[in-house]
Amino acid sequence: EDQVTQSPEALRLQEGESSSLNCSYTVSGLRGLFWYRQDPGKGPEFLFTLYSAGEEKEKERLKATLTKKESFLHITAPKPEDSATYLCAVHASYNFNKFYFGSGTKLNVKP
Amino acid sequence: NAGVMQNPRHLVRRRGQEARLRCSPMKGHSHVYWYRQLPEEGLKFMVYLQKENIIDESGMPKERFSAEFPKEGPSILRIQQVVRGDSAAYFCASSPPTGFEDNEQFFGPGTRLTVL
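Heads up: the protein sequence lines correspond to chains Z and H, in order. Using the numbering used here, the letters of the first sequence correspond one by one to residues 741 to 851. Using the numbering used here, the letters of the second sequence correspond one by one to residues 4 to 119.
Bear in mind the hints are in silico, worked out from the structure with no lab data behind them. Be careful, since some hints might not be right.
Per label pair, the in silico range of CB-to-CB distance [claimed, not checked]:
1. Z/Y791 / H/R17: 41 to 49 Å
2. H/P42 / Z/K850: 20 to 28 Å
3. H/E71 / Z/A817: 41 to 49 Å
4. Z/E749 / H/E66: 42 to 50 Å
5. H/Q20 / Z/T816: 28 to 36 Å
6. Z/H814 / H/R87: 38 to 46 Å
7. H/V15 / Z/R752: 28 to 36 Å
8. H/K74 / Z/S759: 44 to 52 Å
9. Z/K797 / H/S33: 38 to 46 Å
10. Z/E749 / H/H13: 39 to 47 Å
11. H/K74 / Z/E796: 23 to 31 Å
12. H/S33 / Z/E821: 41 to 49 Å
13. H/E44 / Z/K850: 19 to 27 Å
Below, in silico cross-link-like pairs of lysine to any residue (SDA-like), each with a Cα-Cα straight-line distance of 20 Å or less [unchecked claim]:
14. Z/K838 / H/L14
15. H/K74 / H/H32
16. Z/K838 / H/E107
17. Z/K782 / H/K74
18. Z/K782 / H/G76
19. Z/K799 / H/F109
20. H/K47 / Z/F786
21. H/K47 / Z/K799
Quick caveat, the model's predicted, so the values are computed rather than measured. Cβ atoms here follow ideal geometry from the backbone N, Cα and C, with glycine treated the same way.
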């Protein structure tokens, strides 16, 4: 069965303390891996799409990377406003109707 | 430049009543997805629709739940005879009708259903 696992479940950082979030997947035939940010009480906000191993994308303090089995979301010098839940989703080539979501990493950045 | 719109944002129903959740996709998007999210959990796929067609409803409970996306108007997720276990946030997402490189899904703000 397809699995998307995110770790850690929760992460507390001090402002400026860089770290990485992990998304591992067992989907065979990846068509795309997506990162979203979700604030409490709101819908997920699209961040990145990655399509092939070795690909990297950056946006402000965030950088997403992809290997054949996992993706990392690197957060450099985070600020309190980066506090949110970060969700990872995968899109499989054999079932392009579905996105499989992980449970998310809840990030809390303390000033 | 409106995004995905959902209404109502909050819905309270008593057990046995019907809940109707509406979703208007982004302009130019013809693919709609519905997800359910329980507290502290990820999003669970329910159904994928295109205009007038249900493409994949494999995530929908077999009973009481139905979805439609008519030629005109919003997509509707309908839950009949609601039970307390239906309490959750329901999110709608839309994507454009192009190749898979453009298949990012854009989410609405969600409808929070509370069943008393």
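Okay, the hints, checked on the actual structure:
1. Z/Y791 / H/R17: 41 to 49 Å: holds (47 Å)
2. H/P42 / Z/K850: 20 to 28 Å: holds (23 Å)
3. H/E71 / Z/A817: 41 to 49 Å: Given about 47 Å between the Cβ atoms, the range holds.
4. Z/E749 / H/E66: 42 to 50 Å: violated (32 Å)
5. H/Q20 / Z/T816: 28 to 36 Å: The hinted range 28 to 36 Å is violated for H/Q20 and Z/T816, with Cβ atoms some 49 Å apart.
6. Z/H814 / H/R87: 38 to 46 Å: With Cβ atoms ~41 Å apart, the hint holds.
7. H/V15 / Z/R752: 28 to 36 Å: Distance hint for H/V15, Z/R752 holds at roughly 34 Å.
8. H/K74 / Z/S759: 44 to 52 Å: holds (48 Å)
9. Z/K797 / H/S33: 38 to 46 Å: Taking Cβ atoms as reference, Z/K797 and H/S33 lie about 26 Å apart, which means the hint is violated.
10. Z/E749 / H/H13: 39 to 47 Å: violated (27 Å)
11. H/K74 / Z/E796: 23 to 31 Å: With Cβ atoms ~42 Å apart, the hint is violated.
12. H/S33 / Z/E821: 41 to 49 Å: Cβ of H/S33 to Cβ of Z/E821: about 34 Å, so the range 41 to 49 Å is violated.
13. H/E44 / Z/K850: 19 to 27 Å: With a Cβ separation near 25 Å, H/E44 and Z/K850 satisfy 19 to 27 Å, so the hint holds.
14. Z/K838 / H/L14: violated (26 Å)
15. H/K74 / H/H32: Roughly 13 Å between the alpha carbons, so the hint for H/K74 and H/H32 holds.
16. Z/K838 / H/E107: Status holds; Cα separation ~12 Å.
17. Z/K782 / H/K74: Since the Cα atoms of Z/K782 and H/K74 sit roughly 28 Å apart, the hinted pair is violated (cutoff 20 Å).
18. Z/K782 / H/G76: violated (23 Å)
19. Z/K799 / H/F109: holds (17 Å)
20. H/K47 / Z/F786: Given pair H/K47, Z/F786 holds - Cα atoms ~17 Å apart, limit 20 Å.
21. H/K47 / Z/K799: It is violated: about 27 Å lies between the C-alpha atoms, which goes past 20 Å.
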